[in-house]
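**Q** Here is what each chain is made of, one letter per residue.
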Amino acid sequence: NAGVTQTPKFRVLKTGQSMTLLCAQDMNHEYMYWYRQDPGMGLRLIHYSVGEGTTAKGEVPDGYNVSRLKKQNFLLGLESAAPSQTSVYFCASSYWGTRTEAFFGQGTRLTVV
Amino acid sequence: KQEVTQIPAALSVPEGENLVLNCSFTDSAIYNLQWFRQDPGKGLTSLLLIQSSQREQTSGRLNASLDKSSGRSTLYIAASQPGDSATYLCAVTGTYKYIFGTGTRLKVLA
Chain S
1 NAGVTQTPKF RVLKTGQSMT LLCAQDMNHE YMYWYRQDPG MGLRLIHYSV GEGTTAKGEV
61 PDGYNVSRLK KQNFLLGLES AAPSQTSVYF CASSYWGTRT EAFFGQGTRL TVV
Chain E
1 KQEVTQIPAA LSVPEGENLV LNCSFTDSAI YNLQWFRQDP GKGLTSLLLI QSSQREQTSG
61 RLNASLDKSS GRSTLYIAAS QPGDSATYLC AVTGTYKYIF GTGTRLKVLA
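Chains as they are written, first to last, in the numbering used here: chain S, 1 to 113; chain E, 1 to 110.
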């Protein structure tokens, strides 16, 4: 019963490097989300997807790209990492948007030096 | 713009005490409200989901209430235990996103 799984759990990047965070869910959920969590600022929505092949911008999308090629996977990409992207990233999924319960992954702690 | 506030930011209580955590929001047009628990360095664990048409939900020692008209929710924890120590987050829902408060960091002393 995996739920929402994020890969990797930790990563250190140098400024300007790129990377992709993977989120996988096994609950057949339609909706998936990427949030970042920063001290004193709570969780903020980066991008979300309402179904396979769809993506949309959230509150803080700049510097990130996403793809949802398969229903169970939601990828978050950083093309050119900046120190301001140092954060903890959480993926979440829900069956039918915000009318239903959200389930979160364990997070990816990213440090950009 | 929806804003979610959680007071207090931190709380320390002796074991066995009953306690209330507060969550307030500025826009009553929500679909539901969800309470989460977050342990240090971990993800968010869903505790309770209250639909907008409901007034409360209960799970074990936890009871959450929702008053949309006043923009408030409370999470009641009965007979607190050291294992309840964590950060508690509430989130209200708009059309496509969950809007979070910054949480209440709870410490239950043995």
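These are computed hints drawn from the structure, not numbers from a lab.
One should not assume that every hint holds.
Taking CB as the label site, the calculated pair distances span [as the list claims (entries may be wrong)]:
1. T7(S) / G60(E): 28 to 34 Å
2. M41(S) / E17(E): 25 to 31 Å
3. Q72(S) / S46(E): 18 to 24 Å
4. S70(E) / T86(S): 16 to 22 Å
5. S12(E) / G77(S): 23 to 29 Å
6. K71(S) / S53(E): 26 to 32 Å
7. S18(S) / S59(E): 41 to 47 Å
8. L22(S) / K42(E): 30 to 36 Å
9. Q81(E) / G53(S): 42 to 48 Å
10. T58(E) / N28(S): 26 to 32 Å
11. K71(S) / S46(E): 41 to 47 Å
In silico SDA-like cross-links for lysine to any residue, where the CA-CA straight-line distance does not exceed 20 Å [as the list claims (entries may be wrong)]:
12. K57(S) / K107(E)
13. K71(S) / V50(S)
14. K42(E) / G3(S)
15. K9(S) / Q85(S)
16. K70(S) / T111(S)
17. K42(E) / K70(S)
18. K107(E) / T111(S)
19. K9(S) / K42(E)
20. K42(E) / T111(S)
Note that beta-carbon positions come from the ideal geometry of N, C-alpha and C, so glycine has one too.
**Q** Next pair to validate is K70(S) with T111(S); report whether the Cα-Cα distance is within 20 Å.
**A** violated, 28 Å
**Q** Could you check the hint for me, namely that S12(E) and G77(S) are 23 to 29 Å apart, CB to CB?
**A** violated, 41 Å
**Q** Taking 41 to 47 Å as the hint, is the beta-carbon distance of S18(S) and S59(E) inside that range?
**A** Given about 42 Å between the Cβ atoms, the range holds.
**Q** Are the Cα positions of K9(S) and Q85(S) separated by 20 Å at most?
**A** Distance ~15 Å between K9(S) and Q85(S) Cα, so the pair holds.
**Q** Does K70(S) sit within 20 Å of K42(E), going by the straight-line distance between their CA atoms?
**A** violated, 26 Å
**Q** Verify the proposed pairing of K107(E) with T111(S), using a straight-line Cα cut of 20 Å.
**A** violated, 28 Å
**Q** Holds or violated: K42(E) with T111(S), Cα cutoff 20 Å?
**A** OK: K42(E) and T111(S) at ~16 Å, within 20 Å.
**Q** I want to verify a distance hint. Is the separation of the beta carbons of K71(S) and S53(E) within 26 to 32 Å?
**A** At roughly 29 Å between Cβ atoms, S53(E) and K71(S) fall inside 26 to 32 Å, so the hint holds.
**Q** Going straight from one Cα to the other, do K9(S) and K42(E) come out at no more than 20 Å?
**A** It holds: about 10 Å lies between the C-alpha atoms, which stays within 20 Å.
**Q** For the pair T58(E) and N28(S), does the Cβ-Cβ distance stay inside 26 to 32 Å?
**A** holds, 28 Å
**Q** Quick check on a hinted range of 25 to 31 Å for M41(S) and E17(E), using CB atoms only.
**A** This hint holds: roughly 30 Å between Cβ atoms.
**Q** CB of T7(S) to CB of G60(E), is that within 28 to 34 Å?
**A** Check passed, 32 Å falls within 28 to 34 Å.
Comparing the model with each numbered hint stated earlier shows that hints 4, 5, 8, 11, 12, 16, 17 and 18 do not hold.
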